[in-house]
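Read left to right, the sequence shown gives residues 1 to 333 (the UniProt record's numbering).
Hints are computed from structural coordinates only; laboratory data are not their basis. Ideal Cβ placement from N, Cα and C applies to all residues, glycine included. Hints should not be assumed to be uniformly reliable.
Stated by the list, open to error - Straight-line distance between alpha carbons at most 30 Å, and here's what the computed DSS-like set of lysine-lysine pairs gives:
#	residue 1	residue 2
1	K126	K207
2	K155	K126
3	K155	K207
4	K291	K126
5	K291	K155
6	K271	K126
Claimed, not checked - Label pairs and their in silico Cβ distance ranges:
#	residue 1	residue 2	range
7	G158	E22	45 to 55 Å
8	D329	S168	26 to 36 Å
9	R292	S168	26 to 36 Å
10	G204	E16	43 to 53 Å
11	G204	R76	42 to 52 Å
12	A243	S53	13 to 23 Å
13	V278	P246	31 to 41 Å
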Amino acid sequence: MRAIQVRSFGGPEVLEPVVLAEPHAGPGELLVHVTGAGVNFADTHQIENTYLSGSELPFVPGSEVVGVVDPEGFPRRVCGFVAHGGGYAERAVVRSNLAFDVPDGVSDAAALSLLVQGLTAWHLVKTCARVQPGESVVVHAAAGGVGNLAVQLAKQAGAGRVIATASSQDKIDLALDLGADVGVVGSPEAHPRDIEHLLMDANGGGKVDVVFEMVGGTTFDGSLMALAPFGRLVTYGMASRTAPHPVSPGNLLVGSHSIIGFWLVDAMHPKRARTMIVEPLAELVAMVADKRLRPLAGHTYALSHARQAHEDLRARRTTGKVVLDPTLDGDRA
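Generate the whole structure from the sequences, applying the supplied hints.
The following block contains the structure:
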């Protein structure tokens, strides 16, 4: 089968198209004939070996796939989390307890968008920030895979004002179309004080209640400065690859601020999977099926173009869900 393999750590250039033996499903696993593999920003860290959990070489990246189980017998279309890595491939093994049927009318891209990114957005709004009616919510990278869903879920939670930030006006327009109330073009290189003022201006001059932050660096620093009393900053990534300044307890005490971290992997523990993965995902799928939630489809790349997908993702040239499609490379093996 065709796959993308990493044999040395580095940037997008280490993503090599290869031919590998087909994997085999063990107990509690399913072999999926992949029609789409999700690309997440975490993948760009994994291939550098800068992710929260380390990787051993060689490996096939990718944590989520959509496709068909048993296509020659009783075909079943599913999306799910891979069991041992290896999503960027024509075949992948997924964990049975973390595989979900895809309803008719839900596209591959939409199904994939609900796994890592949809579940992350759900937990940002409901588990971490616990957004309350009338609160102001800042969504950084609001046209991205997590951001576009967080905008919609925050509005449905009753947020009084959703403030979307993005790197271009086109991306702001997308976020506004999805329900954001205000959009501001920002830069991760801006001074923290400028970011604070930018967010406060977008909130009518007042400080903000909630910030969803995955940029790091000065964006984190400025967002923390912009918090209102009892405000919550939820951090779930560090796309800039620049750490924010250390935060002293005193900076949290004055204003009663909270910094909350979120990593979806922690929700996948067997003791938590049903309430933190299975049930929220069922809710998300139902919302897409009845048009209450509109995942933003991004670009679909051929599997062999994984390097280009990573380059575009890192350069902030993408919006919505980025997908690798093995079927675009020709006849499947």
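Right, here's what the structure says about each hint:
{"no.": "1", "hint": "K126 with K207", "in the structure": "holds, 21 Å"}
{"no.": "2", "hint": "K155 with K126", "in the structure": "holds, 12 Å"}
{"no.": "3", "hint": "K155 with K207", "in the structure": "holds, 18 Å"}
{"no.": "4", "hint": "K291 with K126", "in the structure": "holds, 20 Å"}
{"no.": "5", "hint": "K291 with K155", "in the structure": "holds, 15 Å"}
{"no.": "6", "hint": "K271 with K126", "in the structure": "holds, 19 Å"}
{"no.": "7", "hint": "G158 with E22: 45 to 55 Å", "in the structure": "holds, 48 Å"}
{"no.": "8", "hint": "D329 with S168: 26 to 36 Å", "in the structure": "holds, 30 Å"}
{"no.": "9", "hint": "R292 with S168: 26 to 36 Å", "in the structure": "holds, 27 Å"}
{"no.": "10", "hint": "G204 with E16: 43 to 53 Å", "in the structure": "holds, 51 Å"}
{"no.": "11", "hint": "G204 with R76: 42 to 52 Å", "in the structure": "holds, 50 Å"}
{"no.": "12", "hint": "A243 with S53: 13 to 23 Å", "in the structure": "holds, 18 Å"}
{"no.": "13", "hint": "V278 with P246: 31 to 41 Å", "in the structure": "holds, 37 Å"}
Going through the hint list in order, the structure satisfies each hint without exception.
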